[in-house]
Structure formats: structure tokens, C-alpha cells
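Engineer: Listed below are the residues making up each chain.
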Amino acid sequence: MEMLSKKATCKSHGQDSSYFLGWQEYEKNPFNEDTNPLGIIQMGLAENQLSFDLLESWLARNPDATMFGSNGGSIFKELALFQDYHGLQTFKTELVEFMAEIRRNKVRFDPQKLVLTAGATSANETLMFCLAEPGEAFLIPTPYYPGFDRDLKWRTGVKIVPIHCSSLNGFRITKAALDEAYDEALKLNLRVKGVFITNPSNPLGTTMNQDEFNHVISFAVSKNIHIVSDEIYAGTVFDSSKFTSIIEAVMDRNLEKTDIWSRIHVVSSLSKDLGLPGFRIGMIYSNNETLIAAATKMSSFGLVSSQTQYLLSKLLGDKKFTRHYIQENQRRLKKRQQVLVSGLQSYGIPCLKSNAGLFCWVDMRNLLSSNAFEAEMELWKKILYEVGLNISPGSSCHCTEPGWFRVCFANMSQETLNLSIHRLQAFVTSNGDGNYQNQKLSTRISRRNSLVVS
Amino acid sequence: MKLLSRKATCNSHGQDSSYFLGWQEYEKNPYDEVRNPTGIIQMGLAESQLSFDLLESWLAENPDASGFTRNGESIFRELALFQDYHGLPAFKKALAEFMEEIRGNKVTFDPRNLVLTAGATSANETLAFCIAEPGEAFLLPTPYYPGFDRDLKWRTGVEIVPIQCTGSNGFRITESALEDAYQLARKQNLRVKGVLVTNPSNPLGTALSRRELNLLVSFISAKNIHLISDEIYSGTVFSSPSFVSVMEVLLERNLANTQVWNRVHLVYSLSKDLGLPGFRVGAIYSNDNTVVAAATKMSSFGLVSSQTQYLLSAMLADKKFTKHYIFENQVRLQKRHAMLVRGLKNAGISCLDSNAGLFCWVDMRHLLTSKSFDAEMELWKKIVYQVGLNISPGSSCHCAEPGWFRVCFANMLEETLDLAMQRIKDFVVSTATKSSNTGRSHHLSSKYSARKSLSKWVFRLSFHHDSENER
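Chains as they are written, first to last, in numbering that gives the first Met the number 0: chain L, 0 to 453; chain E, 0 to 470.
In case anyone wonders, no lab produced these hints; they're calculated from the structure. The reader is advised that the hints may include incorrect statements.
Derived, one-sided and incomplete: chain E residues facing chain L with beta-carbon distance under 7 angstroms [said to hold, decoys possible]:
id : residue
1  : Ser65
2  : Gly66
3  : Pro276
4  : Leu302
Some chain E residues flagged as far from chain L (calculated, every beta-carbon gap over 10 angstroms) [as the list claims (entries may be wrong)]:
id : residue
5  : Val33
6  : Arg34
7  : Glu158
8  : Gly166
9  : Lys322
10 : Ala374
The structure displayed is predicted, hence computed values, not measured ones. Ideal placement from N, C-alpha and C gives every residue a C-beta, glycine not left out.
With the hints as extra help, turn the sequences into a complete structure.
Structural biologist: What follows is the structure, given as C-alpha cells:
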């Protein structure tokens, strides 16, 4: 008899992928300005380290938020006992206002329709448990965040069928791609329960445009399926006016009073916007009452620490602070992205035009020795071991075309970013003699420039 | 096509049981010394509120721990970014040592074999995912914590088959009960993957005897299955015999590093011993590296906030404090336990002899109108609505015999416990009077309110919390 379950012994947690392996290499030889200047620079971690000073100065001005309100009575006991899976009301109220602010207040959220979870990781898995049976499927546009293979599939038994997006149109979702994915699922005998989008996209760093919204919404309406929109990067859009939430898009089409309204679910988190992944604050938002009721009970398996809920209720309750933070953070992210993009561009490495996220989707096809994933792996290893940069190969994100890499820019100091650009530049210069790139380099760069202007 | 999954629309979260319904009634009419003195007293919540003063004074003396500073230096950034599912090393070390202390240092725990989870709720579900396939089964001694029906079964698809324990031998686990359960599972075509025990027991409040532990080890050895020992109440043992963990028994039998060693897993949490259920701190301990590896990855779905890990790493590392806390907390628990037992005895009600937990297992069989679960429900409703006490009926804990109730004693003020005892006494007296005066109608509630106890105490704010997922 099998001693342990298949879940415990199989590999479907997906953690043998290069995404995680690169991480391990970094852990063995991590760059440090002083102690290990030749080490690997971590550019595979989508973290936001740019605005901690803002948070730290807020904390210094507001010690009560962490000291359990020492002025006028401690609420320590109250928090210590608070394990209500409906969440701390004051926190949820502030959280929905913060979410609305990020969406230019075009959408208002009702705290009663919000479920708190230990991170978006937990939120996504919980949604799958609630929306699909084992063996049913969700369609996801490629390239997508490697963690979804674990989060959406591992313990739930749900399948992922990719919606193939291509560089020919900037990886935008097309109607044809949606239909193809659906047909593919049918061929595999999989019942499709929904479409899962990440907006802004990881790894692309782009926000969904009007066309894409129309395709996805019409598709979900006609197939009678769900739309899950992971909006974890909503606060990282460099220009707020360019971000549209799925909820706003559905409202714009006057579909609030129709069936689809209860099949729209939003996931978010404070891990990217506020740079607080350690605090495990995620959420599910939905107009579907049955879903909210079930997800609330399921959140028992991953509640947010009351100590942390309290701290964040205070932080987000300071509207002057949040307004300033959102703006300043976006400004810094935009600046950083530009440093990376221009640095790469100057050595003939274009990036997909992006307006959000903590990373760029970088086109290194001209550095491949051949148009194949083996060549991509080869290049990735060179960049990891010889150049000393841990970046994420497109294949780990299920990209259908080899040669694309996700490169993070917000999880290191300015100096380190500059150094990583120098290293890459040195690599490109010394590797200017790969066969593939010699043949087509100039034509490919000019054709590409017309489609993908950085 | 069905819109939502079966999991989302069914009732197998078990939250329609009386355990949760009594809670709802309490929420509608909660007792408050001043504002609602005739309200329902919550005695269905296994929380310890006895030792917060000790924690609060520690916090006041150690501001670094809650203030994101270490030796005056800010470590906010470090903590904000820390999401490693291997957990904060300093915290795991301190937690492992705390667990050792509670076990009288008779066992040692390697922090590398400890997996942190968002509460024991998450730990139990994770272990079920790691050990069993959907449709396979765990054997659990009855009566057991109602939450297991959700935690072990809901999303995992795992089944529970009861090991029936009875009052005739103090609800101790016997060899025949184990074997019966195993055979019952087989009859139902369920493959048994393990036994799960809670030690000390919820709802019994008893620590498993060495005899029972040895029986369990032999049983799982013979059947080649796992043993999960949920030791969430291990720090609440307040009188002898002192707590014996199954790990200790394995060592005594020289089973360290054998196959069975790898099939015994512990679950722990700080929710009962430290009274911190809101902080969501749970743990799995296993000697099996595959289980540790898989559970660690699964903990991604319920990590402990780094802010909280840091606070507790500092607190638990203060050995002088933990030693004092464990001792003093147990003294207070014992006192409360004695109060409840005495109060019930005064009303002619006995409890199962117990030395741990935050509750007593109370024998109200003699108050039943008939030896049936219907009569138990009838009695329970009277106690909730007329007497004004939310206690947990044995049926909600899957007890095989009607008439037993779990009554908590550590989640209210002493005065409130006194009042609860008075109410029970009144109820018993009036019930006795009623049965010796047939035909005379009694309105127990009016009789009770006519004897409203006066509040002599200073006004105190009472805090209501809406938890519906309590042990």
C-alpha cells in the first residue's frame, strides 16, 4: 500500500521547474555588494523593495499600530482571541477603500463580499476548490506565473489548458486563441469552468486592453463560465488611469444585472503593491454570495494573523498616507523600469512594451543559438552561471515561443540593477557571434521594432 | 452545468451541527454582566483567557518584539519580505524548545522537521492531504472535536471512521474498539491510512494513558498505518499524571528511526497553551522527510505572518518567561477546573475525571428524559434557551452515548463561571421539583429571572467576537 498520498510524492507542485531551480542556484551563491560581489544577482523574484522607507517612516510615526494600541488600553487580548473568519471589520473596510483607490474609485467594493486569505496563493487555490471539481479545467493565457501550476492544480485536481498568446501581436488575448483553447479542452475531455487572467499580467507587465476584455467577457458569457481576475499587480501600474479592473469592464458593458456578474471573481493581495509578502494578506472578492460563504469557511485553512490585520487596518486607514504612497510608489517603479528597458535596448535587447508590474518581458531571441527551447535553456544557464543573473526563462512561464525571459527590476538597489545591466551588456558584446543571430539580426531587430517599441 | 463545485455547495463543512448552532444562539443573546445579565453564557468556546496578564506584561517589557526592531534596529524590511515556507529559523528553534519544555524535556524536536502552518486547522488538513487519497480513511476515537469533520474531510475527500469509546471505562481507547473500527472501515470498503488522536483529548480533557499510547503504537505498527497525534492541548495539563507524548513512548520502546517512527506525526499550535488563536500559529512535526518536504510546500497555502513569527520567536526564546508562564497558567487552569467540578457536584452532576484541557466532560445522563439522542437535544435546548448556557452536546462530538456535554471553564471571568454554576443548580433543583410535582407547569426562564443575580462588580467592557470556527 502506498504510504503517502500521490499529492505528497508526485511532482505536480511544479517545484522542479527552472523557475525554482534558478532560485536554488541563487541561494547557493547570492550576490552581495560587499561580501560576494561576483555572486548571482536575483532577478527572478517579483518583489517590490522600492518604497520601504515610506512604510518605515509611517511606522515610526504610528507606534500604536504595532504596540497593540498601548495608549489608552491595550487591545492585545482582543486581537489574540480574534479568529473570526469574517475578518477584522475595520481592516476589511480600509482594504476595500484602498482597492478602490487603486482603481481610481471607478469601482466600489463591499467589505461583506471580501474574503481574507493567507496571501493570494491561498485565495487562488480556494477559488479553484469552490469553482471546479477535480478534473475540470480553467483556461489561462500564456505566458503565465509558474506558481499557478502548483496553486491552481496541485491539491485541487483542477487542470490548466493554455490560451496561446504570441509575440506577433504583443501577446494579447485573441478570440481565436480563446476558441482554440476551449476546443483543445474538449478534445482532452475536460469540462471548462472558467478563464483565469492575471491583470496586470505576470510575466508580461502589461494591462489588459479593451479588445481583450471584450473577447474574454463575451467568451465567458457565451460559454457560461467564470472569469477569475488575479489583480495582484493592480497597484504597480505606473499610471493609474491605464488600469481597468474586470469589474469595471463588465460594468462598462452594462452586464451587472446579468448572469455573468456572479461569475466574476477578483483576487488580490498586499504583497506586490505594499511590498509585504511576509505578512500573508490576500483576498477574494465576488458578487456571488454562495461563493463568498463557501470561501469564507475555507479561509479557516489560511486566516490572516489578527496582529497583522490590525497593523494594516491602521496603515490603510491613513488616507493621506495611502494616497501619497500609491503615487510615489508608482513613480519609482516607472523610473526603475525605464532604467532596465533603456539599458537593455542600448545593447539591442528589446523588451515588450509594458506599463505595470515589477519586471520586464525581455526579448532575447537574437541571442539564441537556434529557435528552440533547448537553446533557451542553454542561454538561461549561461546567463545564470556565467553572467550571474537569475532570470526566469519563458518556458517556465509556458510561453509558446522560445527566447523570452522575465527580468525583475524592483527587488534590488539601483546600483545592483546597474551592475546587472552592465553584466548583460558585457555578455551580449562578447557573444556577438552566435549563428542564428548573425544571419537575421538586423532584419529581425527592425521588424521587431515596428511591433514592439520600447 | 453546475456553477460552483460540490465542495462549495454541500454541507460537509459540518457547520450546520449543533456545535455551531449553539454559537449562533449565543451571538444573538450574549451574556454581559451589566448590559445583558440574563443572556447566554458562552461555555462552548475552548479558549483560555486566564493568563493574558502574563503575556501583556511580557509585551510591555519587550517592545522590540512587536515593534519590528531587534536590539533597537529596524528589521521591518527583512520581515516584510520574509515568505520562506521553511519558516523563520529563530521562531522554529524557539517553538521546538517550547514543545520540548512542555514534555518535560523527555523528547527532543529538530526544528528542521517542524512545518509551520496557519493554525492547527491548517496542519490537520495538510497532513490529511499528505497521507491519504480521497476516499481513504482515518480512524478517530469518539467523542472528538466537531471541527475535524471539516478539517480532515471537506476538501481532502478523506473519510472518518469512529473508534467507539464509552463511559463504562472512562472513554479509554481499547484494543477491541480499534479493531472494530478497522473492520468497520473494511466493511465500508474504505482503506484505512491512519489513526488520529487528540492528546490531551478534546472534549474529554484527559491525557492518553501510557497503556493507550502503547496500544496505539502496536496497532499502527501491525496495520502498517500512520498515527497523527494532535497535541494542541499538551500545555494545559494541570495535574498528574503529567503529559506523555506518543514520541516519548516510541523512544521508550526503542522505536526511534524505525519504520513506525516515520509514521507518527504531531500537530501543535499556540492557540490553547498561549491563548493566541487569532495569531494563527500551528505546526506539524514529522520524522518522515517526505512528509516534511510535502507539508512544507503545502504550507504555502497557509503561512504564518512573519510579523507574528518574529513576535513569538522573541517571546518563546525567553526561557525564564516560558517556564513561569507554563507553570502559572497550569495553576490557574487547575483552580478553574476545580471550581467547575465543585459547582457541578453541588448540583448533583459529575464530570469525567480529567487533568487537562479547557473544559470538562460532564455527565448529565441522569437529567435525560430517556436514554436517547433526541432527549439529549431536548436537554441541550433547555440548557441553551432556558438556563442560558451554551454548552456542547456529546452528539456534536460523535459520542456513542447520549447525555454527555462538554463545558468550558477557561474562557470567562470567575464571577461568570460562578453564575453559570448557580444557574445550573437552579435548573437541576427546579427540574427535580418539576418531576416530583407533575401537572404543575414551570416556566423555567421566569423562575430564573426572578432570581436574577445582582452585579456587584465594576463595569467592564465585554468584547464580543464572532468566531464560528472554534475548538
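Engineer: Does each hint hold? Answer for all of them.
Structural biologist: Hints, verified against the model:
no.	hint	verdict
1	Ser65	5 angstroms, holds
2	Gly66	5 angstroms, holds
3	Pro276	4 angstroms, holds
4	Leu302	5 angstroms, holds
5	Val33	18 angstroms, holds
6	Arg34	17 angstroms, holds
7	Glu158	14 angstroms, holds
8	Gly166	31 angstroms, holds
9	Lys322	21 angstroms, holds
10	Ala374	31 angstroms, holds
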